[in-house]
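> Assembly of the complex is requested from the two constituent chains, each provided in isolation within its own frame, with the hints serving as guidance.
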Amino acid sequence: MTATRDPRGPLAIAGLVLVAAALLALPFALAQVGTAWVRITNLALLFALLALGLNIVVGFAGLLDLGYIAFYGVGAYVWAMLASPHFNIHLPFWVILPIGALAACIFGVLLGAPTLKLRGDYLAIVTLGFGEIVRIFLNNLSRPVNITNGPQGISRIDPVRIGELDFSTTSKFAGLAFSGPIKYYYLLLLFLVVVLIVNMRLQDSRIGRAWQAIREDEIAARAMGINTTSVKLLAFAMGASFGGIAGGMFASMQSFISPESFILVESVMVLAMVVLGGMGNIWGVVLGAVLLTFVPEILRYTVEPLQKAAFGRMIIEPEVIRMLLFGLALVLMMLFRPSGILPASVRRRG
Amino acid sequence: MPALLNLEKVEVRYGGIRAVKGIDLTVNEGEMACIVGANGAGKTTTLKAVAGLLEPAAGSITYAGKSIAGVRSFALVRQGLALVPEGRGVFGQLTVAENLAMGAYVRDDEHAVAEDRERMLGLFPRLKERYQQSAGTMSGGEQQMLAIARALMSRPRLLLLDEPSMGLAPLIVEKIFETIAAVARTGVTILLVEQNARMALETCQRAYVMESGEITLTGPARDLLDDPQVRAAYLGE
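Residue numbers (numbering that gives the first Met the number 0), protein chains in the order written: chain A, 0 to 349; chain B, 0 to 236.
Just chain B, with the same shape it has in the complex (with noise of 0.2 Å):
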């Protein structure tokens, strides 16, 4: 399977600081991939210079075989990759129907556009019964839904998605991860930044473990979930 995107010796700093120090990181054509790792190990800031918020210090992004390291983010969406923000960010005073046509908003093929916002409806019912309710009265859960439906409405080849489970129920992070298999399957290709690790695993094929800046272990997402150091470390066994 050829890599439809490739890191190299990545380093992004904030000031002083190096946050993510010099990884190497690859997701092929049609697969899932999930970065896990704790709190402040620096999985959003690789997903925010992939996704052209943050401009990398040195080291080379490949996306499409172009290179996009430092190209702005609103560029790359027409480009085909789109991101579901940490902390879901829909627009809360806009009502779903109004976010799903920000998420269309490098589009002008509205037929298709139309066309696609009926297939999210069905993809996620639920927004469909809150179609002319604004986002910022929806449930977490729902919110969520309505992030990844938006962010689909843009064609995406490459989804990155920051932190899916956020401040969600246990059986929500279920459902939201089914999703997000379903969206899989239709072709679109997943990066998946998580710290609630063994649903990630259990739901991508191939993982990179991120460790104060660094990625400390990577392989297909199974063997990792038998890895003893992984358990012991982020499955509290």
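So that you can see chain A by itself, here it is in the shape it has in the complex (with noise of 0.2 Å):
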């Protein structure tokens, strides 16, 4: 593991460049099957940046958040807010992303201040009953003063444009056609790896080591010197940032968000996501995301034409066996690997 990942290694550039080329190339070879699945794969990559920012607080803080997703909807309301019809303001994304990460980041401190003394069972009660009032809130604030528009929520949001490039249409460079979910993936894509550079840098970096301590025993870490206030806000901060951009991009594929969008089970959704590829793993967390946005997917196309094979004809629908199947695998997977697919301990430097 740590061989391969030796970034002095020929044989590790060589890997890490065909990897470069696989995920370049992947949005067409995608299309070639179809749009939908470019769409998925975006999708996958918004799930992977949020999962890392949530990484940041239950993975190596150990903070356990059920309300994450509260933030994804404060970083999408800021952007569908400030570049639609709804108030008429159309800001370029450069100027809304960075509003949307701190409006996030004020959130993450404003549910970590109160909930500083709070572990495990508690801050996980908490922390749902804030995702909740956040929700709660959009779908509210439609009187007297029309913030959110209810339960309605916002269209024709704005989508990215740098410049003349609007990634809404499809445009034609070097003779290929770049339509506006291959654009969006590599943005995605160029986010992912800023986050995951981020992430990486505070694993082993002083901030992340005292994440760690908090996790592993609270008054030891106070014991150690470590500002167990200040460290504990940082995480919720820095975790709700991730949150906010990707809500900012979620807002801007979508082109319509609407409250129902960040309801509790997504936030379970993106826990899921972390606690089955594996807390604290960096990699683990990108590669919970993908497996839990393509599992249902694939089910969803696959359910069908197997059991008509197998039996003849169509016994479940393919919507009510696809959850099912994707429980049972979730169960199964926590049955024989608790400390996800990719374990935090694989990154020990041997």
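Just so you know, not all the hints are guaranteed correct.
What the hints assert, rightly or not - Using C-beta positions, here's what the derived DEER-type ranges look like: (1) A:M333 / B:N38: 36 to 46 Å; (2) B:R106 / A:V94: 40 to 50 Å; (3) A:S204 / B:A2: 33 to 43 Å; (4) B:A113 / A:S204: 25 to 35 Å; (5) B:G121 / A:V264: 54 to 64 Å; (6) A:M333 / B:R106: 33 to 43 Å; (7) B:G166 / A:I314: 54 to 64 Å; (8) B:H110 / A:M333: 40 to 50 Å; (9) A:F310 / B:Q131: 52 to 62 Å; (10) A:W93 / B:E114: 40 to 50 Å; (11) B:T136 / A:T168: 51 to 61 Å; (12) A:T168 / B:A113: 54 to 64 Å.
To be verified - Coverage of chain B stretches by chain A, computed from C-beta distances (three or more under 8 Å per stretch; other residues unrestricted): (13) 60-73; (14) 80-89; (15) 93-104.
Everything labelled a hint here was simulated from the structure, so no lab data went into it. Ideal Cβ positions, reconstructed from N, Cα and C, are used throughout, including at glycine.
Next up, the structure:
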């Protein structure tokens, strides 16, 4: 594991180049199968961003957060309000994205500050409540002053525009047709690489070690001279900022958002990605996000033909069996690999 | 000898309960002092108040001539006050090496930290063998040694030890106390809290006996060992 990831080995460099080439070619290959798959891949990248943010809070610092999707929602709504006909404001993306990250960050501190003394189940309950409060606010802030447009949500949200480059239309470069989803794929991939690097640097930094110490034993961490208050707030703030950025991208990609996108199940889903992939392991978390996005979609398309091949007719509706199999997979996974597909200890340097 | 740590009429409360009821306590520079007493006597609470993990409700705590009552623990570590918490508190999923690095969290003199790490591995050869092993997989005695080594990595002037004998076999306890005495000989002042009164009284120079939040007896540890009251109550005779 560590040998292949050694940045100095020539084999590793060759591998890295190969992976990079594969990732760059991927959307075109997927587009051959159907644009839907490019969109699903984009969703997986978006969830990977989210899961990496949540991993800072849950995986590194060990603070169980069940309301994480609220930060995604804040980021998405900031984008929607600053780049849509709703208020008739159309700011460029490089202005909105930092604002969205900052807004989510402030909400992160808002959640973190009163819960500093809580851990485990107690913290989970408070964060769950927080997530619901944010969602209910989004749902109801349409009266007396219309801020969020309530349950109808905000539509006709601007796509990302960089100069002349519009991410909602197809453009041609060097004889290749770059559709909207393909352009978003590259943008999200870029974000993911940046967030991955930030995460890796964090993990081995002083602050990363302080988070791990808090996760293991908070009293001992304080006895080491760690200011647990500020270090925990930092975890909440950073995790939330990543969520905010992902939310902004989500809003621009979908061009429509409503409070329904930010329900508790989404928080649970992101948490499941972190836990399934391997809490505290960056690569595990990305893998968890990709798997949990793709598996239900693959099942959606394969359940019907498989049944027809096996029994000659369809016995169970795809929608029914899909989540059943998915749930079963999660249960089995946790029974046989409780610390995730790639447990955090794998990263240990020998 | 000047007093390094001085507690005056210190009172600590948990809500409405007075766990420590106005105690006076002094630890002189370079000595080894201990607080002995039964479960629930307020020993750990006292230590936590000194370490800045609890805020005293009343009274004063002076360390190195400065009042530290209510100063948070992370700031005290920088002033040379280190705590080995009850139950060891090693970072189980981190390796021995990483645990020792955490001990030097407040220091940025990398060179001296590396020297100290070598010194610790010399003092605790067991840790050298287990250097890349995660701390949670080690035995209780090894974890206790790691906890002490980790605390020493901050180069403390005053080392606070909370129940170092807890849950350890008698032979291991003896070894731990030998190590603590060796640490004291290097010039570190030590305040130890212990239920194992015999071990503590035999190792330390001065002792306090605590009972339901109050100090009932104090004096040279040797004298307390011979005190009939102490013998009856804490040494099982």
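> The structure should be examined with respect to each hint, and the outcome stated for every one.
Tested hints:
Roughly 38 Å separates the CB atoms of M333 of chain A and N38 of chain B, a value that falls within the hinted 36 to 46 Å. Checked against the hint of 40 to 50 Å, the pair R106 of chain B and V94 of chain A passes, with Cβ atoms roughly 42 Å apart. A hinted range of 33 to 43 Å holds for the C-beta pair S204 of chain A and A2 of chain B, which are about 40 Å apart. For A113 of chain B and S204 of chain A, the hinted distance range of 25 to 35 Å is not satisfied, since their beta carbons lie about 19 Å from each other.
Between G121 of chain B and V264 of chain A the CB atoms are about 55 Å apart, so this pair conforms to the stated range of 54 to 64 Å. For the pair M333 of chain A and R106 of chain B, the beta carbons lie near 41 Å from each other, so the given range of 33 to 43 Å is met. Judged by the Cβ atoms, the range 54 to 64 Å given for G166 of chain B and I314 of chain A holds: they are separated by roughly 58 Å. Range check, H110 of chain B to M333 of chain A: about 46 Å between beta-carbon atoms, so the 40 to 50 Å window is met.
At roughly 54 Å, the beta-carbon separation of F310 of chain A and Q131 of chain B lies within the given 52 to 62 Å, and the hint holds. One distance hint, 40 to 50 Å for the beta-carbon pair W93 of chain A and E114 of chain B, holds here, with the actual separation near 48 Å. Roughly 57 Å separates the CB atoms of T136 of chain B and T168 of chain A, a value that falls within the hinted 51 to 61 Å. Here the CB-CB span from T168 of chain A to A113 of chain B is close to 58 Å, well matched to the stated 54 to 64 Å.
Three residues within the 8 Å Cβ limit are the bar, and the region 60-73 of chain B against chain A gives 3, so the coverage statement holds. Only residues whose beta carbon comes within less than 8 Å of a beta carbon in chain A count, and the region 80-89 of chain B has 6; three or more means the coverage holds. Check on the region 93-104 of chain B: 7 of its residues sit with their Cβ under 8 Å from a Cβ of chain A, so the three-residue criterion for coverage holds.
Taken one by one, the earlier hints fail for this structure only at number 4.
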